[in-house]
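Asker: The chain contents come next:
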Amino acid sequence: MDPRLEHDIHSHPGHQRRLAQAVMRRQVSLSLKVAAVFLFMLLGLPLVNYFLPELANAPFLGFTATWFFLAVLFYPITWFLSWWFIRQSNDIEADIAANMRHENATPLHNKAEGEARH
Amino acid sequence: MIELIPLIFVILIIIATVGLGVWATKRSKSASDFFVAGRTVGVGMNASAISGEYLSAASFMGVAGLVMRFGYDTLWYPVCYAAGYLFLLLFIAGPLRRFGAYTIPDFAEGRFDSPFFRKIAVIFVLFIGFFYTMPQMRGAGLVMKQIMGWPYWVGLTVVGAVITFNVAIGGMKGITFVQAFQYWVKLFAISIPVFVIMTVFGWYGSRMNDNVQNPGLFPQFKESHTLAVKGTEGAPANVLNATGPSSFTLGGTPQFTVNQPSVLAPGSVEGSTATLHVAPGAINAPTGTAIAAGQSIEPGTAVDVVLPGAIGGTDPVTAKVTLTKEAPSPVTFDLASNVPNAPHNEKWIRPFGDFTSKQGFPLLYTYSLIIGLVCGTAGLPHILVRFYTNPDGRAAKRTTFWVMVLIGVFYMFTPIWGTLGRAIIPNLYANNLTDAVVIDLPRALPSGLLGAILSGITCAGAFAAFMSTFSGLLVSMSGAVAHDIYGRILRPGASAESRLVAFKVASVAIGGISILLGLYVEEFDIAKMVGWAFAIGAASYFPLLLMGSWWRGLTMAGAATGMLAGGLLSVGSIVTVMVIDKNQLQGSLNPLARVLMEQPAIWAVPLSLILMYVISKMTAATVPADIDLKMLRLHAPEEMGLSKNYIEH
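Protein chains in written order, with my numbering: chain A, 14 to 131; chain B, 700 to 1348.
The set of hints was computed from the structure by calculation and includes no laboratory data.
Quick caveat: nothing in here was measured; it's all calculated off a predicted structure.
Any given hint could be a false lead.
Label-pair distances were calculated between CB atoms; the ranges are [what the hints assert, rightly or not]:
hint: 1; chain 1: B; residue 1: 822; chain 2: A; residue 2: 90; range: 34 to 42 angstroms
hint: 2; chain 1: B; residue 1: 1279; chain 2: A; residue 2: 103; range: 46 to 54 angstroms
hint: 3; chain 1: A; residue 1: 97; chain 2: B; residue 2: 707; range: 42 to 50 angstroms
Here a beta-carbon is modelled for each residue, glycine too, at the ideal position from N, C-alpha and C.
Between the sequences and the hints, there should be enough to build the whole structure, so can you do that?
Answerer: This is the structure in structure tokens:
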């Protein structure tokens, strides 16, 4: 890695913390968004089965609706979620990397020291 | 001649496995190739290899068998095995890969700067590994017994020795090729035969529709069927759960004793109604005489099970008849008699059947099962190590996506086997052999030769399944021993060559122990043993990896307490349930307590997470000084070059 960036990151714990938090916040918000959709399906289905049995057990293409959803449809849905997550996640990482390089162009230690003096 | 066809297929798959291993070994040079394949494996190859490693005997044989036996409730197994990868991708794969630690012990040490914690983590790798190898070993012994009539220990020892040899010479590089190959063998074996079977016996949807249209019916014997009722030591196979009116004739020479004729019906207490009636013309008893507990029945007696609630209705009435007898002997069921031990159509096809409702609390059971399987997938050590065989983080993510596709496609086929097995060979219910449905179903085809060939293909698939999973486990366990116990604890600073020797010695030793453990678990259930491994992973590694990656305040004391408490309490409660079920421990459990002990994830995972939080808050002063740098390593994009490579070349 760029020696100047390495120097900045190693000598300014406060900067490290802000940077780590900023990066993690972007990553976790994406992960939680996808996880929310996934958990809604995964944990919602037993509730539908339990409280709306007529809907869950309605005949559908020879199957019951809930069997078809769980044994057939569920897989492609998780593939789509996974594909969408990976696309977004790669964009975020490229963006973070670009930002870090950009910050590095205006020397970090000056900025951090300037903030420390305030 | 035809009977030898499955054996030929099994021998071919073993030769192909060993041959590929030897061939790949020639390309395996450095020590890091042995442990992580030198990170040079392409996405397609790596995704196939991960899928090949993941699809075990439990997936290939066990899931189809469970779906056949219990129906809808067990669809959660394949779904969560596959969907667990999404959780892994969302929260764990990226940070771990960036951190540069390629085993959980590396992560444990690197994250907390604690060699002590590394030792605890290593012990857990071996612990989960051995729990997960036991069902693989049992699957190997069982298939050889089923197709060849070999004694259990012979099949197990042969398969165990072949795989151990293969791993010892090839390491990770060898098995990457072998496992990628084995994924495609397994996909072929689970898909092609079932398509052929469906062209003869009807398609998935129409077979399902039979169940939907006739909710009150039970599977019936297609022809007069003789079932070997085992002797007193064969319990529970000598229990006939007559699920509807049925007729059978008792054979053999010694007398049968009916232990507990009873009706299990809504509102009726077990034992309140005598249900076995001796048929007209029977020896020693007039028509319609009820048989009391303890009464002897002469061999050759025709018995009709008459269930009052089941006649003309759809009430789920079950008669439980325990036949006690010293030696195995045949019981012949009449044509179109209801198959014992099978749930009726509606119970099978609808959610909350016997599997989740046996103790009451079906929703609780379902949720705990889901949590254990999803979190357990994200915490299996032999799966995690595979993420380091990608050249970079983007490739790791693409690999995960393709793994989800490959295993998802595979799992879509498993319920088809269960559905067709229920329709075509329901006799498997009678002596609890539903686990053999993928082996036996092709043999029901009218053409004996075609049936034998297709059965040979599924046998090869089953072999590929336990060979690849056992190889992966062996590599991660031997790696832990060579890398951690030998290379860091016993002889710190050992050279790469001596660690390589240690790896080979460890793999032979661990292979031997696994075979011995396999001999010990002949009577245990495959799916339940796999459940143990998942439960331990869900309540120990999953919280460690999740909190360790995303919360800077986690301390070593907090992580260790949560991991140990969650992991050990889940093991303890599951083992207690098993011991009680085996009647090795007297006592009965409150139904709620039993559900919570049989499926502990719903309390053990939160308990572990809460303990990690609370203890970490109490020991906040011990958060590593460079925690922010560590968090950056876990989360900053890899091209920033912050990752530290923990692998020493």
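Asker: Against this structure, judge whether each hint is valid.
Answerer: Comparing the hints with the structure gives:
A C-beta distance of roughly 38 angstroms is found between residue 822 of chain B and residue 90 of chain A, which places it inside the suggested range of 34 to 42 angstroms. Separation of residue 1279 of chain B from residue 103 of chain A is about 50 angstroms and conforms to the stated range, judged on CB atoms against 46 to 54 angstroms. Separated by about 46 angstroms at the C-beta atoms, residue 97 of chain A and residue 707 of chain B satisfy the suggested range of 42 to 50 angstroms.
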